[in-house]
Amino acid sequence: MSNNPNWLIVPAVCAPLFAAAPAFAVQYMTSETAQKLMFPEASAFIAHPVRLDDAQKRVVEKAARVRMRHPEQPVWQAMANGKPVGWFVLDEVYGKHEFITYAVALDMTGAVRGVEILDYRETHGSEIRNPKWRAQFNGAHHGAPLKLDEDIQNISGATLSCKHISEGVRRVLAIHEAALK
Amino acid sequence: MTLRRAQPWLGTLVEIVAEGADAATLNTASDRAFARVAAVHTAMSFQHTGSELSRVNREAQRSWVALSPDLAAVFAAALDFAGESDGLFDPSVASWLVESGHLPRHPDTPAHAQPDWRAIELDGDRVRYTRPLLVDLSGIAKGYAVDAALADLREAGLAAATVNAGGDLARFGDTAEPVHVRHPHQPTLSLRLAELRCGAVATSAGYFQPGALRHPRTGESLCARTSVSVLAANCMTADALTKVVAAAPGRAPGVLARYGAQAIMLDGGRTMLGDADGWRTLSMERAA
Chain A
1 MSNNPNWLIV PAVCAPLFAA APAFAVQYMT SETAQKLMFP EASAFIAHPV RLDDAQKRVV
61 EKAARVRMRH PEQPVWQAMA NGKPVGWFVL DEVYGKHEFI TYAVALDMTG AVRGVEILDY
121 RETHGSEIRN PKWRAQFNGA HHGAPLKLDE DIQNISGATL SCKHISEGVR RVLAIHEAAL
181 K
Chain B
1 MTLRRAQPWL GTLVEIVAEG ADAATLNTAS DRAFARVAAV HTAMSFQHTG SELSRVNREA
61 QRSWVALSPD LAAVFAAALD FAGESDGLFD PSVASWLVES GHLPRHPDTP AHAQPDWRAI
121 ELDGDRVRYT RPLLVDLSGI AKGYAVDAAL ADLREAGLAA ATVNAGGDLA RFGDTAEPVH
181 VRHPHQPTLS LRLAELRCGA VATSAGYFQP GALRHPRTGE SLCARTSVSV LAANCMTADA
241 LTKVVAAAPG RAPGVLARYG AQAIMLDGGR TMLGDADGWR TLSMERAA
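Sequences listed follow chains A and B, in order.
As numbered in the working numbering, residues 1 to 181 make up the first sequence, in order.
As numbered in the working numbering, residues 1 to 288 make up the second sequence, in order.
Next up, chain A with everything else stripped away, as it sits in the complex (with noise of 0.2 Å):
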């Protein structure tokens, strides 16, 4: 059992402490990589930023249940053939530990085609950052440093809630109610 072809696991987690890692950020796409994905057959995409004035903004805060931060949506809108096929917009949400950036992709009825997260990042900074925090990981282990890496790839339980992206998939679906239709 210990032999499974498949994985190997006693070397990797003898020492987990030295291989720890303070965040966890992936870029997963830029914008315009993420037009092509959500819309495919468009050949172009016009920015039409939405900027709520104050009755607009408190009919989408109210629909949505969420504050908005800021009154600007950047958006465009995805054309192909010369004619309109849906919005494509781009927001962020913050989470007490996570700054996301990802796209909403609307049909012409403003109904979702599609999310897709463009960023993650995990904030943590102020534990990093704290030499105190930092010295508990030292020492007790033979004095190894801990090894920063930056770029780490498949965690297991790494659990986050999505609820942030629901909210904001809800304020999005109110903007364009309120100002796309």
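The set of hints was computed from the structure by calculation and includes no laboratory data.
Incorrect hints may have been included.
Said to hold, decoys possible - Partial selection, computed: residues in chain A whose CB lies under 7 Å from chain B: (1) N6; (2) L8; (3) C162.
Computed from a prediction, not measured in an experiment: that's the story for all the values here.
Beta carbons: idealized from backbone N, C-alpha and C, even for Gly.
Dock chain B against chain A, hints included.
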């Protein structure tokens, strides 16, 4: 080339990393795999009143309910895990999670259902509950969705792929890739857990959702200061077995043996490896 993308499904972020010849192949294959995840999400959500599972929870109290192939497969697997673990895995503990506020309360479902997986009667592609019950399949539905998505990526003829649904991950490929796990006391730290070529890893831990994991008999909260990872041939099995190991580490080796799986328990200080041969402490010095 490698494609890496992520979408919000199953209450978490689902990431697909895929290797293939060209962008078009990778885009099409990953679109299909995400659509598969979305279908499982839609069918098996406990949270949404409109899901197939919510309909089953309303109607199976009274009569037989027909199940889609996906839901029938997950019900069958849930009962298999419950039987093999003598109830240490129990898909009917949802009522406790409703009472603690981790899951929503829906109209037309029993207000005080006592968990008992034996009250789930499955007959091929139909099911009924023989007493008031609430079933939540999220303990394995995420793993099932990962396996289904990965099967699609394999069918698309890709060289290698990984699907990771908020920490429940499975992959195939020719070479082994490192898999990391969060430190149970400091989830900001990730630790190297294993090298995985083909197969799955799932982890249960209390750091982001304290109290969400309960003992099926006592209702006691599990994994407050520890994390349990299981390596198995597929993600649904790994997903289910983390709950068994967390609930009763002492009885886990027998169950792990039946599924050819291995478990790793981290409590911050010690690292324990469990499998058919029992539990042993992994020495920290050996890797230095």
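Now the hints, each set against the structure:
no., hint, verdict
1, N6, "holds, 4 Å"
2, L8, "holds, 4 Å"
3, C162, "holds, 4 Å"
Comparing the model with each numbered hint stated earlier shows that all of them hold.
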